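Protein chains in written order, with my numbering: chain P, 49 to 549; chain R, 154 to 631.
For the record, the hints were derived by calculation from the structure and aren't laboratory data. Nothing here was measured: the structure is a model prediction, and the numbers come from that model. Built from N, CA and C at the ideal position, the CB exists for glycine as well. Heads up, a few of these hints could be off.
[Unchecked claim] Now the in silico label distances, taken between C-beta atoms and shown as ranges:
no., chain 1, residue 1, chain 2, residue 2, range
1, R, Gly486, P, Glu169, 15 to 25 Å
2, R, Arg338, P, Asn455, 38 to 48 Å
3, R, Arg562, P, Ala467, 25 to 35 Å
4, P, Pro414, R, Pro534, 27 to 37 Å
5, R, Pro250, P, Arg458, 45 to 55 Å
6, P, Glu256, R, Ala235, 50 to 60 Å
7, P, Ile513, R, Ala333, 37 to 47 Å
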Amino acid sequence: MTQGAPRRRVVILGGGTAGWMTAAALVRLLPHACTVRLVESADIGIVGVGEATLPHLRTFVEMLGLDEAEFMRATQATFKLGIEFRDFGRPGDRYLHPFGSFGTELGGVHFHHYWLRLRAEGRQDDLFAYSIANVMAAANRFAPPSADPDSPLSTYSYAYQFDATLFAPYLRDYCVARGVGRIEGRVVDVERDPATGDIAALRLESGERIEGDLFVDCSGFVGLLIGRALEAEWEDWSHWLPCDRAVAMPCASPPGPVEPYTRATAMSAGWRWRIPLQHRVGNGYVYSSAHISDEAAADALVAAVEGEPMAAPRLLRFRAGRRRRSWVRNVVSVGLASGFLEPLESTSIYLAQAAIMRLVELFPNPAICDADRDEFNRLVDFEYDRIRDFLILHYHATTRDDSSFWNHVRTMDVPDSLAERMDLFRRAGRIAKYSEGLFFEPSWLAVYLGQGVVPEGWDQRADNIATDALGAAMDRLRARIAGAVAPMPDHKQFLAARAAA
Amino acid sequence: MAVVGAGIVGLSAALAFARALPGAEVTLVDLPVDPAALADRMPGALPTIHRFHAAIGIDEPDLVRRGIALHHLGTRFENWSADGAPWFHAYGDHGVPAGPAAFHILWARARRRGKARPFDRYAAGAALAEAGKFVHPSADPNSPLASFLYGLRFDPDLYRERLRSAADALPIRWAKGMVAAVGRRADGGVAALVLDGGQRIEADLFIDCAGPSAPVRSKLDERFESWADALPCDRLLIGRQADVGPPLPADVVTALADGWRRLSGFPGGAIRVEAITGEREGGVALRPGCRPEPWLSNVLAVGDAAVAVDPLENANLHLAHSAILRALELLPGRDCHPLELREYNRRTEQETRGVRDFLALHYLRSGRRDGRFWQGLAQRPVPSSLAHMLEQFAARGRLPFREEESFDRHSWLAVLLGMGLLPDREDPIAGAVGDEEAEAAMERHARTLATLPARLPTYPDYLARMVRAPATSARPGT
Numbered sequence: 049m050t051q052g053a054p055r056r057r058v059v060i061l062g063g064g065t066a067g068w069m070t071a072a073a074l075v076r077l078l079p080h081a082c083t084v085r086l087v088e089s090a091d092i093g094i095v096g097v098g099e100a101t102l103p104h105l106r107t108f109v110e111m112l113g114l115d116e117a118e119f120m121r122a123t124q125a126t127f128k129l130g131i132e133f134r135d136f137g138r139p140g141d142r143y144l145h146p147f148g149s150f151g152t153e154l155g156g157v158h159f160h161h162y163w164l165r166l167r168a169e170g171r172q173d174d175l176f177a178y179s180i181a182n183v184m185a186a187a188n189r190f191a192p193p194s195a196d197p198d199s200p201l202s203t204y205s206y207a208y209q210f211d212a213t214l215f216a217p218y219l220r221d222y223c224v225a226r227g228v229g230r231i232e233g234r235v236v237d238v239e240r241d242p243a244t245g246d247i248a249a250l251r252l253e254s255g256e257r258i259e260g261d262l263f264v265d266c267s268g269f270v271g272l273l274i275g276r277a278l279e280a281e282w283e284d285w286s287h288w289l290p291c292d293r294a295v296a297m298p299c300a301s302p303p304g305p306v307e308p309y310t311r312a313t314a315m316s317a318g319w320r321w322r323i324p325l326q327h328r329v330g331n332g333y334v335y336s337s338a339h340i341s342d343e344a345a346a347d348a349l350v351a352a353v354e355g356e357p358m359a360a361p362r363l364l365r366f367r368a369g370r371r372r373r374s375w376v377r378n379v380v381s382v383g384l385a386s387g388f389l390e391p392l393e394s395t396s397i398y399l400a401q402a403a404i405m406r407l408v409e410l411f412p413n414p415a416i417c418d419a420d421r422d423e424f425n426r427l428v429d430f431e432y433d434r435i436r437d438f439l440i441l442h443y444h445a446t447t448r449d450d451s452s453f454w455n456h457v458r459t460m461d462v463p464d465s466l467a468e469r470m471d472l473f474r475r476a477g478r479i480a481k482y483s484e485g486l487f488f489e490p491s492w493l494a495v496y497l498g499q500g501v502v503p504e505g506w507d508q509r510a511d512n513i514a515t516d517a518l519g520a521a522m523d524r525l526r527a528r529i530a531g532a533v534a535p536m537p538d539h540k541q542f543l544a545a546r547a548a549a
Numbered sequence: 154m155a156v157v158g159a160g161i162v163g164l165s166a167a168l169a170f171a172r173a174l175p176g177a178e179v180t181l182v183d184l185p186v187d188p189a190a191l192a193d194r195m196p197g198a199l200p201t202i203h204r205f206h207a208a209i210g211i212d213e214p215d216l217v218r219r220g221i222a223l224h225h226l227g228t229r230f231e232n233w234s235a236d237g238a239p240w241f242h243a244y245g246d247h248g249v250p251a252g253p254a255a256f257h258i259l260w261a262r263a264r265r266r267g268k269a270r271p272f273d274r275y276a277a278g279a280a281l282a283e284a285g286k287f288v289h290p291s292a293d294p295n296s297p298l299a300s301f302l303y304g305l306r307f308d309p310d311l312y313r314e315r316l317r318s319a320a321d322a323l324p325i326r327w328a329k330g331m332v333a334a335v336g337r338r339a340d341g342g343v344a345a346l347v348l349d350g351g352q353r354i355e356a357d358l359f360i361d362c363a364g365p366s367a368p369v370r371s372k373l374d375e376r377f378e379s380w381a382d383a384l385p386c387d388r389l390l391i392g393r394q395a396d397v398g399p400p401l402p403a404d405v406v407t408a409l410a411d412g413w414r415r416l417s418g419f420p421g422g423a424i425r426v427e428a429i430t431g432e433r434e435g436g437v438a439l440r441p442g443c444r445p446e447p448w449l450s451n452v453l454a455v456g457d458a459a460v461a462v463d464p465l466e467n468a469n470l471h472l473a474h475s476a477i478l479r480a481l482e483l484l485p486g487r488d489c490h491p492l493e494l495r496e497y498n499r500r501t502e503q504e505t506r507g508v509r510d511f512l513a514l515h516y517l518r519s520g521r522r523d524g525r526f527w528q529g530l531a532q533r534p535v536p537s538s539l540a541h542m543l544e545q546f547a548a549r550g551r552l553p554f555r556e557e558e559s560f561d562r563h564s565w566l567a568v569l570l571g572m573g574l575l576p577d578r579e580d581p582i583a584g585a586v587g588d589e590e591a592e593a594a595m596e597r598h599a600r601t602l603a604t605l606p607a608r609l610p611t612y613p614d615y616l617a618r619m620v621r622a623p624a625t626s627a628r629p630g631t
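Turn these sequences into a full structure, and let the hints steer you where they fit.
Laid out in structure tokens, this is it:
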């Protein structure tokens, strides 16, 4: 910051996960450059269904300097090795989208090409057996990855499953202890600067006036500042992602193992999540209201959960899409205020985190300028658009024809960007290469093969090794993975020893 | 498949394809190397060459022992800044991060306070090069010598001979002659080449490595995207000069009134490359730019047939190697399906534009005004992708991520900060680390690097040791 420039006054609206994550990052990284106040109202609940996270959250937890075990205890967290998808490609199917890779590269050629070749030669073998995260998940075992690149234990990562209603309060304590001003109250009016059109202040029910230089809108779907006040346009994606409601209901943990993974099970008009935490299991049914009534969806959820319900079913409404611009004037939207993608791949908290880190990277210096806003919006759009295509793939790559919902998503037109990617994969197992963004080759590979998109060919270089030698090498790899997983502790035991609440 | 051109690029392509696809019939058409084919004629290679050598089974210590190649830590630029102060583009890390702020952000602040040494003093590669020393990077991640990279320099004639003998060990067929005619297929692709001796060569895939004229690829279309605005050198002179002393692990580039000169020292003489604008006797014309869709139908252009840039940063052969490996990765079947070609061309375009921008940065933002070559360069239009980068850099020292980048952020920063460009404003994150704390850590790092070379053997001694003790010698740096 330019010497002597005054600290920017940041006002965050909304005390949910996105709001407190924003406050925590700013107070941790830029305490010298800004003051942070957060306005929240006890009357407004938080959505708090973001119970499943991606491995990136670990970077955030580390950046804040949090102790992992303490953080996990405070949020009733469990470890997560991936997401299991059931009945997506067709009823009865299951696969894990693991946080990790498949097999090892050989001669510069990705492992799955060798697997595809031997499969064509008749080897009966599941590619997922070469993902150590998948083998661990299937056995409900967990151990932290290794930093040794020669170990199979270096080929996976992990995330957390936690109680999002506990995460925000945990971060709030962190923030308040570090000087974030917490203001309780409901916003009744938004004052604009008549000269610039920027937002000048929020007026609360109490009459209090909260001035700021930069406002972060974390008010959820409603987007009080970015949407209501500044009328930032919304780009609607519901024609590709028709699910627009969810009904959520936690239940008691059933006896037996605590799975180190989230489960998504296809349902007649959407899908159902199941997230095992330490103290309960989170459940919810994400559905398209055009294809099922709220009552029928709630009934289906209640019928499906395995444990004693711990609350009545709660309804949530949303729309798939994003703001055309997430940062308008002096308002940056983070979390649901900026856009929504259903939690099929646990991306909600990731999207908030990515926006927060971009805001830190492009923090007003000292004034907000167009170039920074444009760059922020370019980066946020890029994240949303990539994830959108990946989610659509889960619906489109299916043979299900057992409901009007699945008939719609199976036959709908998909974005050109996705259609081309799928065609490229179908030909010879190639996955369009990008280095920036969220989901890389192994993720796409998992969903393609897990949902029955099988390439016609493979990289020709995979033919350079004799069948027997290749088969033997693959057997050794399987044995090595099995040998590495066998001594690992049970996930539940590991949790009890490491991070039990 | 048929590879047209048997210079370094054609041989590299033939070797890579023949090794990766033992079932393929590879024919190499030997025609005289085009003097303007820079990827075939330049002596420098980036650190990425190790990956390519691994793919074609070329062993670096063997090249060094035979006196074909020397190591290359980077390039010293002289008179290439507003005040003429020399600077070094060393490959690999510069500085060590402290807290949440990137090293260069803290360095820029310290520089403004008069408390920082030149940026290159914080790079191990530059410290070694300035002392005329070289060792291979340490495998110990905590060593200050762990995080630099090195490329290679070779005598192009000797290197080409080495590739040729490697090719002789593979079932590659040779054909000799100029391309007299190109027979087309009904779908627009190429069916066969007819050489001037009458020989007819049929193939499913033609790889045009014959230099800027691209005798095969140019038959499909003549589109060309000129980069002359961004890359001003239009003439190149290549020569040899007598012994310049003991071999050094780095090159020197000197800005001249009408362009620049690079000297690469070898035992027994140096290779001198001059890139200029205007007329001088004995040069070859250079036409910077690229062919859109280097892979079209069943013809793939590689090397100068696909993209021509001046050799200021030794990117020529790197681009050819990268193209060959990418083509192997995406190699479609005999049908050369447009899907794989589109992915190939998409990634190739990202890569070549990244190199263009990196080179353009050297010319358009050097700060040098002295000499007719340099006058007016600062006023030229900047490619939009580079303009975006410069804008972000100026605002706070941020470097936006780019896909398929050939030069990492350390290289970009070495050039930006070496030429004397500083961010206009400081990234607010810098405030997370105190001035004096950051400056003390920076100074410790620079001192460590500065005292390292004294303990190391001279480069000629190190080379002699490599020759004597082949078994315990080098490992590739990347």
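Is the distance from the Cβ of Glu256/P to the Cβ of Ala235/R consistent with 50 to 60 Å?
-> For Ala235/R against Glu256/P, whose Cβ atoms are near 54 Å apart, the range 50 to 60 Å holds.
Using the beta carbons of Pro250/R and Arg458/P, state whether their distance is inside 45 to 55 Å or not.
-> With Cβ atoms ~49 Å apart, the hint holds.
Would you say the C-beta atoms of Arg562/R and Ala467/P sit inside 25 to 35 Å of each other?
-> Holds - the Cβ-Cβ distance for Arg562/R and Ala467/P, about 34 Å, lies within 25 to 35 Å.
Range hint compliance [Cβ, Ile513/P to Ala333/R, 37 to 47 Å] | holds (41 Å)
May I ask you to test the hint 15 to 25 Å on the CB atoms belonging to Gly486/R and Glu169/P?
-> holds (18 Å)
Cβ distance range 27 to 37 Å for Pro414/P and Pro534/R, holds or violated | Given range 27 to 37 Å: holds, Cβ gap about 30 Å.
How does the Cβ-Cβ distance of Arg338/R and Asn455/P compare with 38 to 48 Å: does it lie in that range?
-> Since Arg338/R and Asn455/P have Cβ atoms about 43 Å apart, the given range 38 to 48 Å holds.
Hint check: no violations occur; every hint is consistent with the structure.
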